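Enquirer: Residues per chain, in single letters:
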Amino acid sequence: MEVMSRKNPLGEKMYKWARDLFPINRSITGPGVRETLNYLRQLNPELNVHSVSSGTQAFDWTVPDEWQIRNGWIEDPLGKRIVDFKLNNLHVVGYSEPIDEYLPLEELQGHLHSIEGQPNAIPYVTSYYNRTWGFCITDIQRRKLAPGIYRVVIDSDLKPGYLNYGELFIKGKSKKEIFISTHICHPSLANNETSGPVVASALAQWASTLNNLRYSYRFVFIPETIGSLVYLSRNLKKLQNNIVAGFNITCVGDERCFSYLPSRAGDTLSDRAASHALKHIDSNFKKYTWLDRGSDERQYCAPGIDLPIASIMRSKFGEYPEYHTSLDDLSVITPGGLEGAFSAIKTAIMAVEQNCRPKYKVLGEPQLGRRGLFPNLSKKGSTSHLRVMLHLLSYADGKRDLLEIADIVGVAISDLSLVSSELEQAGVIDLDWR
Amino acid sequence: MEVMSRKNPLGEKMYKWARDLFPINRSITGPGVRETLNYLRQLNPELNVHSVSSGTQAFDWTVPDEWQIRNGWIEDPLGKRIVDFKLNNLHVVGYSEPIDEYLPLEELQGHLHSIEGQPNAIPYVTSYYNRTWGFCITDIQRRKLAPGIYRVVIDSDLKPGYLNYGELFIKGKSKKEIFISTHICHPSLANNETSGPVVASALAQWASTLNNLRYSYRFVFIPETIGSLVYLSRNLKKLQNNIVAGFNITCVGDERCFSYLPSRAGDTLSDRAASHALKHIDSNFKKYTWLDRGSDERQYCAPGIDLPIASIMRSKFGEYPEYHTSLDDLSVITPGGLEGAFSAIKTAIMAVEQNCRPKYKVLGEPQLGRRGLFPNLSKKGSTSHLRVMLHLLSYADGKRDLLEIADIVGVAISDLSLVSSELEQAGVIDLDWR
Amino acid sequence: MEVMSRKNPLGEKMYKWARDLFPINRSITGPGVRETLNYLRQLNPELNVHSVSSGTQAFDWTVPDEWQIRNGWIEDPLGKRIVDFKLNNLHVVGYSEPIDEYLPLEELQGHLHSIEGQPNAIPYVTSYYNRTWGFCITDIQRRKLAPGIYRVVIDSDLKPGYLNYGELFIKGKSKKEIFISTHICHPSLANNETSGPVVASALAQWASTLNNLRYSYRFVFIPETIGSLVYLSRNLKKLQNNIVAGFNITCVGDERCFSYLPSRAGDTLSDRAASHALKHIDSNFKKYTWLDRGSDERQYCAPGIDLPIASIMRSKFGEYPEYHTSLDDLSVITPGGLEGAFSAIKTAIMAVEQNCRPKYKVLGEPQLGRRGLFPNLSKKGSTSHLRVMLHLLSYADGKRDLLEIADIVGVAISDLSLVSSELEQAGVIDLDWR
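Order-wise, the sequence lines are chains A, B and C.
In terms of the numbering used here, the numbers along the first sequence are unbroken and rise by one, the last being 434.
In terms of the numbering used here, the numbers along the second sequence are unbroken and rise by one, the last being 434.
In terms of the numbering used here, the numbers along the third sequence are unbroken and rise by one, the last being 434.
The reader is advised that the hints may include incorrect statements.
To be verified - Dumping the calculated EDC-like pairs for lysine to aspartate or glutamate here, alpha-carbon to alpha-carbon at most 16 Å:
1. A:Lys175 with A:Glu353
2. C:Lys399 with A:Asp306
3. B:Lys359 with C:Asp306
4. B:Lys16 with B:Asp329
5. A:Lys359 with B:Glu97
6. A:Lys361 with B:Asp60
7. A:Lys361 with B:Asp329
Stated by the list, open to error - Listed below are several chain C residues computed to face chain B (Cβ distance under 7 Å; list not exhaustive):
8. Gly55
9. Phe59
10. Gln299
Claimed, not checked - Simulated restraints, written as ranges between beta carbons of each label pair:
11. C:Lys287 with B:Gly304: 41 to 51 Å
12. A:Asp432 with B:Arg234: 41 to 51 Å
13. A:Asp432 with C:Ala426: 46 to 56 Å
14. C:Asp292 with A:Pro375: 39 to 49 Å
15. B:Gly117 with A:Ser414: 52 to 62 Å
16. A:Gly427 with C:Lys359: 24 to 34 Å
17. B:Ser384 with C:Gln425: 35 to 45 Å
18. B:Ala265 with C:Asn48: 50 to 60 Å
19. A:Thr209 with B:Leu105: 32 to 42 Å
20. B:Gly427 with C:Ala146: 43 to 53 Å
21. C:Ser54 with A:Asp267: 25 to 35 Å
22. C:Arg387 with B:Ser384: 28 to 38 Å
23. A:Pro375 with B:Gly55: 46 to 56 Å
Simulated from the structure, these hints should not be mistaken for lab results.
These figures come from a predicted structure and were not determined experimentally.
Yeah, the Cβ is synthetic: ideal placement off N, Cα and C, and Gly gets one too.
Isolated chain A (complex conformation) (with noise of 0.2 Å):
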């Protein structure tokens, strides 16, 4: 399924983003966030970065102290640096206070964190909103730490500052949008989450090239939760309004498999889309629930928001086993993952694109043969494209839509699009694009 990478030009470009991307320090405030907003403007000039003070208040949320750190390290009993975060940018707690001191290891302990089945990962932790300090360690290296005096140093801030997010709009013929999502605030992370924006960005690009678009586009690039809530609340009404369908951004670089996770409702339009197009990519696809959620589908889909917001991952969050770890790695993704996940969302976002109500003009069958859509003469079998005209017409009563129809036939919704095309220009059906 996955096209070789010397063949996949697309693939690799999104997987050069990723390279650039992954190093950065992200967090949900502070400069790592805007050094990831700045490389993505470059991608999509039209990129609009936001700002929003700390103190704001985003429903039931306040826009927490923006986060800057410089460095943070451990000196071990004789003095050697053993833990420093200019090696992995994971090993300071996000969030993490400003400290400097001396302290027995069974006091630093309390502040160490590591998986025990996994030996070799460090593990990825934050303290958003309750101060406090941490490192993470692997386990390898915290059970060989020897007793005696550390010295612990993170040299951060904590002070009001701003979140910022970027917001990128594509006008179309409709006022209606197709909304898109994804996150800028996890560090060097590579599947949960750099190729959620690098995925985004191409989406965003590919849109922008197309004329003649359905929909206007909106793709935002936020901090998980908070991002979406401040976004949220100062946009709901016109999202409430205009958002026809969408699709959350995560989780979509590697190569093992393709996911679904539904809205809420379950059974919106970017439901159907989302279903309809991993169907004829890879039946085997995985179908999650709603209880399987975690990531900003939660508050776009809260009660009372409501939006139709789907999600099409690859391996998602919390089920791959280097996932919020530092084994979740560059070598995690690949040009193929990426450019899988591009494509499948893209087909889902076209089977939004093309869906209609084909509405009969004639009563009966039109006869097709003197628009030269039937063959001339009636023999034993008939070609498929015929068959699936003759299906196309028998569901055109102007309440099933392109979607449901494809699905009751069986064919993709591109197929049905192309021989719906056909019957309209044969003047026999009309397109309700409502």
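The hints should help you fit chains B and C onto chain A, whose structure is shown.
Expert: Leaving out everything else, chains B and C in the frame of chain A:
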């Protein structure tokens, strides 16, 4: 399941009709149709024959010129007549133009039709709406043709005339109708389609003899597609107002299986009655979907027409090897096959006749004992008849009809109908026949 | 699953009641019913005993004469008393007329009842509405009867009197009621039916001790069929207005399985609560359908009555070998069996009490962290309690009730109820108790 021929006078009678009708060279228009209708009028003298002029508009279609064919043959380079319409009327492509020419084998090949995978079958080919000519032969014969100059003669006319169809109306207590349609446009083909007019004629004879019919009955004998379109274009509003259920009768002659093809809506009274009837006749009956359609249900159920027409068949068109070839001859159909189809469709019709909504006249269970409907002594175990009676009572809420209750309880509606009469006579339920 | 007797004081207590009640010769009327109600009034002093005169109309039925029986026996040709009512009250057919006659074996046979397939069982036979007399004996005894003249004596009365039933009302905060019905008309039969009144009495004691009940509770102890019809005919409107859920208590004494029989509608609150409770108690519980009904649900759910009454049982009536024979004795039921049924029904009742509609007070997810409901540190993995809390929040749209959410999430409503209280106290959801 099939009744032995010796003991099956109805099956024998229908088989004789089929033998009489089989040789006639039918098409969608022409003397073969009229000869067929004349024969059918002998079976049901009330049958009205209608004539519709060539050029008449029927929705998106136009009644074509009438086709008359007197003869057709091919002579080989030695002057030997190797193909002869008089021997098998499938040899000439339906609606062939007249021709009398000499032409080399290479050129002749473009006008020959045979089936590679069925080398001993003459295919059935027509070209109603595109002027051409051709011959149908076995592939065995075709492979033996030697190079040389052949003479081809088709003595036919294509000129303004009439499309004919038959209509039979049997008045019942209600102006609401049960509608039966079958087609009379296939030449010497047995299961598809000599069986349809034969079984429909037997059903008409049966319905004519019944007194106290709840519904009126309308039987139409039409050429497929153009005939149903013509009929619909002249009667649409009446049909939409009056038809409560209906069946398209086709492929009802062999003994290999029972088949059910739903209406487009899939859950009409016709569908429920057909499924119910077949379930109790042969639980292994084949269930097709709307995607498998192919006969006049395409018109009757088209969007905007939306009549409740389902199909009960034996081996379905397109699904048995002899279909649309000379192999679909009188050896394919049997008295038992015809009689079984007759019986199944009659059972479905009776299910519609018997269907009503039973409604409690008392509160709580009625005391059946004092009405002689309950065993006086209460012991462990109870009779099946009593269980069915109690089940019917418990669902007699005025919302469910007998068909639904029969399916829940798992009994035939004919049995339930007897029980509902008992209960009505005992004064504990009303029957709502609307 | 069953609690050991030694450690099951409630089960032991109920079993003692069953031992006391078992020997009483109950029928649908007469002193046995009154003796039973007197005993039950000792357990729940608020129990009101109602008397309804013979001849009173109840919908389609009439309260029959009262039956009193003092004695009954058969003497064999040698004058030996071979059948004696004093030894087992099942020996005389219920509602037998008085008789004192000598008659030959051939004639006696017409008045004897035994079960060929259960040769050592005395069957339970009644004839409430048709005057007759008879004796029930084991088939073993019957086969040994020698030809000759037998004396049969039944010292009984059938004359105007009363039908009695008990009713207990426990006032809760709402006038809406949970309704519990059980029957008191079976003589010495244990699972069906000494267990029902015993478990219903224990439930009434339990409900009486609770403070702050949301709903009022109504317990009725009635003769089966005629009793429920009488009760309904006197209270129908009140019941239809007030009952939110209810359970018919029968066959709740053995340990072989749990069973669920739905209401006629099948999806009432009672059905949902019963299914939910049993699923979490014993996932292998047997699911019957409305076609398997047989007790007073026949009246409570009849068309036009339509109360939401479901049944939680142990081995269902008609489905265990001892049913309606002398083998259904005190060895069939156990303290553990009674206690398990009590507990299951109590759980279903509590599910109704706990059921409410949670509704978000904020937009987007509430910030649980600052309310102490979220771990301060975000690491891989999350606690089950937190997952349940987030699931409840995500479904708190004011449309779904706790029972539905519990079934989606896969937890017991009792657990979800605790979580919903936490969230209500934290001010992030409202609970709609209507």
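Enquirer: The hint says 50 to 60 Å between Ala265 (chain B) and Asn48 (chain C); measuring C-beta to C-beta, is that right?
Expert: holds, 56 Å
Enquirer: Can you let me know if the beta-carbon spacing of Lys287 (chain C) and Gly304 (chain B) is within 41 to 51 Å?
Expert: holds, 44 Å
Enquirer: If you check the beta carbons of Ser384 (chain B) and Gln425 (chain C), does the distance land in 35 to 45 Å?
Expert: Violated, since Ser384 (chain B) and Gln425 (chain C) (Cβ atoms, about 58 Å apart) do not stay within the stated range.
Enquirer: Can the suggested window of 41 to 51 Å be confirmed for the beta-carbon pair Asp432 (chain A) and Arg234 (chain B)?
Expert: violated, 30 Å
Enquirer: Given the hinted pair Lys359 (chain B) and Asp306 (chain C), is their Cα-Cα distance within 16 Å?
Expert: Holds, because 14 Å separates the two Cα atoms, which is no more than 16 Å.
Enquirer: For the pair supplied as a hint, Lys175 (chain A) and Glu353 (chain A), confirm whether the alpha-carbon distance does not exceed 16 Å.
Expert: Holds, at roughly 13 Å.
Enquirer: Holds or violated: 28 to 38 Å for the Cβ distance of Arg387 (chain C) and Ser384 (chain B)?
Expert: This hint is violated: roughly 51 Å between Cβ atoms.
Enquirer: Phe59 (chain C) was flagged as interface toward chain B. Is the shortest Cβ-Cβ separation under 7 Å?
Expert: Holds: closest Cβ of chain B sits about 4 Å from Phe59 (chain C), inside 7 Å.
Enquirer: Does the hinted range 25 to 35 Å hold for Ser54 (chain C) and Asp267 (chain A) at CB?
Expert: violated, 60 Å
Enquirer: Go through the hint on Gln299 (chain C) and say holds or violated, using the shortest Cβ distance to chain B against 7 Å.
Expert: holds, 5 Å
Enquirer: Assuming the hint says 46 to 56 Å, is it satisfied by the Cβ distance from Asp432 (chain A) to Ala426 (chain C) or not?
Expert: Given a distance of about 47 Å, which is inside 46 to 56 Å, the answer is holds.
Enquirer: Can you tell me whether the CB distance of Thr209 (chain A) to Leu105 (chain B) sits inside 32 to 42 Å?
Expert: violated, 57 Å
In this structure, the hints that do not hold are numbers 5, 7, 8, 12, 14, 15, 16, 17, 19, 21, 22, 23, in rising order.
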